[in-house]
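Q: Given next are the chains, with one letter for each unit.
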Amino acid sequence: MSPAVPIARALLAAIAVAASLSATAQVPADGGRAQLHTNQIYIEDANRETSLPISDPKAMFAIVLGSLPDRVEVYPTENYYYFRFFDNGMPYAGNIRLDAKLRDEGKVHFAYFPEWAGWLRNNPDLTYVILGRDEGVTVERLTRFHYQVSIGSKRVTFELNDLSHVKPPPEILGPDEKFIGPVFDESGIRFFLLFNSKRRMFHFVLDETVPLADQLVPGRLTDRILIGTRTGFAFYRDHYFDRRILIGSYLANTLVNNYLDGPFDQLPDNFIEGDELRDAILQVDPSLAGRIDRFGNFLDAQARYLVNAYIEYRFEEELLYMHNCAELKELPFEWYHACLVGDGSGFADYPQPPHDSSAPSDGVPDAGEKK
Amino acid sequence: MVATVALIGALASTAHAQALRLDTNQNYIEEVTRQTNAPLHDLKAMFAFVLQSLPDRVNVYPTESYYYYTFYHQGVRYAGNIRLDAKDRDEGKVHFAVFEDYQEWTEGKPIQYQAFGKSDGVIVEKIERLAYRVSLDGRQVEFRLNDLVQVVPPKHVLAPGEQYLGPVFDESGVRFFLVFNPRLKIFHFILDETVRVSDPFQALLSTDRILIGARTGFAYYRDLRRERKILIGVYEGNSRVNNQFDGPFDQLPDSFIKGEELRNAILSVDPSLAGKIDRFGGSPDGSGRFLIAPYLHYGDQEQLLVFHQCAVDKRVPTTAYYQCFVMDYSDYESGNIAPIAFKKLAPQKSPGRK
Chain A
14 MSPAVPIARA LLAAIAVAAS LSATAQVPAD GGRAQLHTNQ IYIEDANRET SLPISDPKAM
74 FAIVLGSLPD RVEVYPTENY YYFRFFDNGM PYAGNIRLDA KLRDEGKVHF AYFPEWAGWL
134 RNNPDLTYVI LGRDEGVTVE RLTRFHYQVS IGSKRVTFEL NDLSHVKPPP EILGPDEKFI
194 GPVFDESGIR FFLLFNSKRR MFHFVLDETV PLADQLVPGR LTDRILIGTR TGFAFYRDHY
254 FDRRILIGSY LANTLVNNYL DGPFDQLPDN FIEGDELRDA ILQVDPSLAG RIDRFGNFLD
314 AQARYLVNAY IEYRFEEELL YMHNCAELKE LPFEWYHACL VGDGSGFADY PQPPHDSSAP
374 SDGVPDAGEK K
Chain B
367 MVATVALIGA LASTAHAQAL RLDTNQNYIE EVTRQTNAPL HDLKAMFAFV LQSLPDRVNV
427 YPTESYYYYT FYHQGVRYAG NIRLDAKDRD EGKVHFAVFE DYQEWTEGKP IQYQAFGKSD
487 GVIVEKIERL AYRVSLDGRQ VEFRLNDLVQ VVPPKHVLAP GEQYLGPVFD ESGVRFFLVF
547 NPRLKIFHFI LDETVRVSDP FQALLSTDRI LIGARTGFAY YRDLRRERKI LIGVYEGNSR
607 VNNQFDGPFD QLPDSFIKGE ELRNAILSVD PSLAGKIDRF GGSPDGSGRF LIAPYLHYGD
667 QEQLLVFHQC AVDKRVPTTA YYQCFVMDYS DYESGNIAPI AFKKLAPQKS PGRK
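Protein sequence lines, in the order shown, are assigned to chains A and B.
Heads up: the first sequence begins at 14 in the working numbering, then just goes up one per residue.
Heads up: the second sequence begins at 367 in the working numbering, then just goes up one per residue.
With the rest of the complex left out, here is chain B (with noise of 0.2 angstroms):
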């Protein structure tokens, strides 16, 4: 008896000590079914009722300056972002969006989206390098980017011959280092695991190469060559409703990159947009940005094992090696989408999907 109350003792202030941090159902039921007020109709207003909301200094985590937000209103449930865009931030510029959120289920209705700057009653302040007050009326946020300027790969996680562009921290919360191969003219996204990665790995039954992300859904492959992880999926259900979990093809790292790094390992790609896109990558009226998804959007865990046929396949050429891990999608509309080690091989032999 004394023993059980001692015990219950101890874990009582176990829990007082560790409160978590619990996403309870009641408060979903009570956020889905409150009444509430969102001014969904008037972009402006929208923005002002969002920094209303934020507290007087944020931390804007993704490589891409998004800080992204949802909320419901009317049983809906709402997404939207504001961006400070590497490319104008510095003239004045705050970029917001508002959308109902996608959902599989139904067919999404357009975004709601707008820049607004000082002719709009938006002031965009520098306070210094990666930090910007956003004022309107009257109500100030500060918005701090994220710094990871000292961020970057231990040698041994870098291929000869591989350019380190920059650091990329997705809107995941899982980082990468974005890698360019300037001899095969490939990119690739390769887990930062200088920092705790705060994803669980499953291994697949069939191969202990391929892990996925228990919290993420991201794949990667354990290269058979260096002690490293290269992303090579992302669960297309997540790519179809554009939620956290879509991948970091839209975290590339702007504000690291340096000068013409970025806009040159695109042009040796693709040489046909010299002159059409900007050091980002962006054409010049902002409208589309050159796609770096190297990644296979998979739906099943099977589809992976493409990845690890390849880099075993003894008649893919040693200096192909690292073409595995990239999908070829100039075929996508037929359905044969493969790594382009495989697409090099004799297309009747490639084990692509269908």
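Bound-form chain A, shown alone (with noise of 0.2 angstroms):
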């Protein structure tokens, strides 16, 4: 879930070291026993009266970090906590953001906003505020991944998700292909971005040296597309490396911003080593030089690069492209790849634009023949 809309995405983007992470793929000391979650809890939430000065964002920070415990993880690599909680029935959602940018000069981002629904006129209505020493609130750098952040005697350590020794294994990077950094996603789920240098596309590839929170179905249309029981992520069993590829999150989930929306806002902030990520965009885009900084953002513009290597999906018919594009007999392995990027933008340099009935963009192999 990103926080809304462009603008927020733009403005705002644990130690769940390796231990805590392993401590997760193990069964508990509990014997494992689920947690239920109750209609009657929900029902009693939803109906409790609250008087939250949702108006006055300061208050509402005091209130949040009040009610947290005095040490949190925060999983997702863009260093979101997200929240929601209930006022008056009205759901809000929002996040406490310790920005790799802006967190050692003692800044969190915090933003909250009445829940986004498909029924509902959306507005961008968020509230977003930078905290700092100004305003009371101290950010303190513990370690690396620990933050202390502090208003009047509360304190909450924040540990950021250590991944920094989390590898792809090498067989599953093809020639062209550079590691940029581990994704931890809102969802749970675990994704090495790829950078293509040949064809200039990213790729979320699903990691898979950890346990899949997901359960991963084949499609109706071919067992080459994995959909996730849970997520609705949609994965392309690639025919040359043991992995799979990121190809499709499902659109209502985009619409309402939630935490099934894909890794789009979840790129590896703390591991991306110097300009690696810069230079990558700027492949793709060159005209972008000296407009972006070393994590993509706009300088001039409260914005942020859209690494987009997968496409919104209602129907699976709708990713059928992709696997009719890469089962194509003909298509030589160094263009094999730029098939499951759903825009098509990977075939910017193809050397013969193919008249082509079934892409949805230009430039896409036609998916006539199969292999």
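A few of these clues could be false.
[Claimed, not checked] For the chain A half of the interface with chain B, some residues (derived, Cβ under 8 angstroms), not all of them:
id : residue
1  : Gln48
2  : Ala130
3  : Val230
4  : Pro231
5  : Gly232
6  : Ile240
7  : Glu289
It should be emphasised that the hints constitute simulated quantities derived from the structure, not laboratory data.
Even glycine gets a Cβ: it sits at the ideal position worked out from N, Cα and C.
Need the complex rebuilt from these two chains, each delivered in its own frame; the hints are there to steer you.
A: Written as structure tokens, this is what we have:
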């Protein structure tokens, strides 16, 4: 779930160290009893009368921080600590963000907004502030991945997700691909962000070095397409490498900006080495030279470059053109993975723009013959 | 500087006094990534598992007496319910169901369901009129059903001739009055505003007669004739995935239906059901129930305008006004769905949804 709309995506974007991650993969000490969520608690929460100072972001920050335990873990790699609450029946969503760019300057981002829903006219009615010493908020670096945030007498230690040792197995990388960094999505799914310098395109490749917090089910149309039962994420089972590439997120989830809206908003901010991400972006779009920082943030606007590696789908059929493209037997290996970037941008240099009737964007090879 | 310190001190004390119940992404991630054990292939063991996970005493709010729950297991969300059905709870039966939760992007798997009783080692004891104790393998949980026996609509809420059938507590947390109009042979769910409605309203841009509940997606028409809100719409996405906002069709006032009132109302709508339904409107074998869903499953707010168009349409007879708030699904297969009052006009003039 990104904070809200492009402006917020730009504005805002754990020691969940290896130890804590491996802990999630083990059967817990309580025998692994699943936690029940009941309609009783939902109804009682939704009907509780509250008197929150919704129009006062500093007071809200104090309340939110005051409602957290003394130590929390921030799993998503853009360092958002997401939360939800009810205010007199109205569901709100929000986040505290220890942005890689500003946290060492003693700043923390704070945002909240009425939760979006498919049935509403969803206004970007976002309350957003950057808080620091001037506002009575202190952000103190304890270690590289530990920050203490304080207001008044309340202190919370935010443990950022230390994935610095996470690397893709070498055998799943193509010859022209570079690992940009690990992505921990707010859905609970991990990816490797890769850049293909030859085709000038990005991929989110499923990280299968840890247990998958979802169940992938083969699609109705081809078993090359796999759909996540919980997340709705659609993956393509690569013909050449033993890996699954994210090709789709479910549109309705993107529209309401929930936890399943895809990993575009969880780039590996803490793990980008030097200018690797900026250099990759500039290979895709050289016109951005001098206009973005090393995270891909625009210098002259509250926006961030969109790493657009998958599509938003409603029906599985909408994913099929990628499979049809990937199955083209005459398509050379060096072009194969361009089929799996939905907007066709990987075919920008394709030498023979084909006469295509099935692909949704120019330049994608026709999906006629199969291997 | 002093002022700043004082302010922060005040904020901190407010925070302490007003600790929010936060639902955090951290908890979500830890739940979905956790390795769990749930005996999904053994329904009785699953029932025991759920009972073990509940506190000793729970409140069952929905009026069809379902206690709903969800959980994550191996990264997948499951849903289910325990039901103390008015029809057979006094016979020592309890209904139990569990299933992989519905999502729009997947084809649902079959529901696992079983009615348990003494022969299964499950004891259902009546403690008082609306309180039952359920026991299995030494575990006892007391289920307090929602006592709404005193709930009646204010006089001004009922139109002349309308019959109040009972209170509805929907699993969304919203309360309704189930009302029957014997002359027009139609049902309405009228919003119960005798209690606080925890669902902020958003009016349509084109008319403030139609309101949408921001939390639930429920759509209401502000009756032109009386101070009340009639349920006219449920968001179809919620209906498709069968979540708590799928509408009150599945929360009839079972514990509060007087005698034959509901069956008589249904039979006046469809006399062919005589001898085929019980007093709750259910089929004798429990496999089906008469559907009371007079509202539209809408995908877009604009679809709701048909109710307002009907309500203000001069061609609609005054006596048929309330038929503007009941959808006629009889021509569903052809996609011609419209309020009953519009359907009664010449078909070519009907502005119903195609």
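Q: Decide, hint by hint, whether the structure agrees.
A: For each hint, the structure was consulted:
{"no.": "1", "hint": "Gln48", "result": "holds, 6 angstroms"}
{"no.": "2", "hint": "Ala130", "result": "holds, 6 angstroms"}
{"no.": "3", "hint": "Val230", "result": "holds, 7 angstroms"}
{"no.": "4", "hint": "Pro231", "result": "violated, 11 angstroms"}
{"no.": "5", "hint": "Gly232", "result": "violated, 10 angstroms"}
{"no.": "6", "hint": "Ile240", "result": "holds, 6 angstroms"}
{"no.": "7", "hint": "Glu289", "result": "violated, 27 angstroms"}
The structure shown violates the earlier hints numbered 4, 5, 7.
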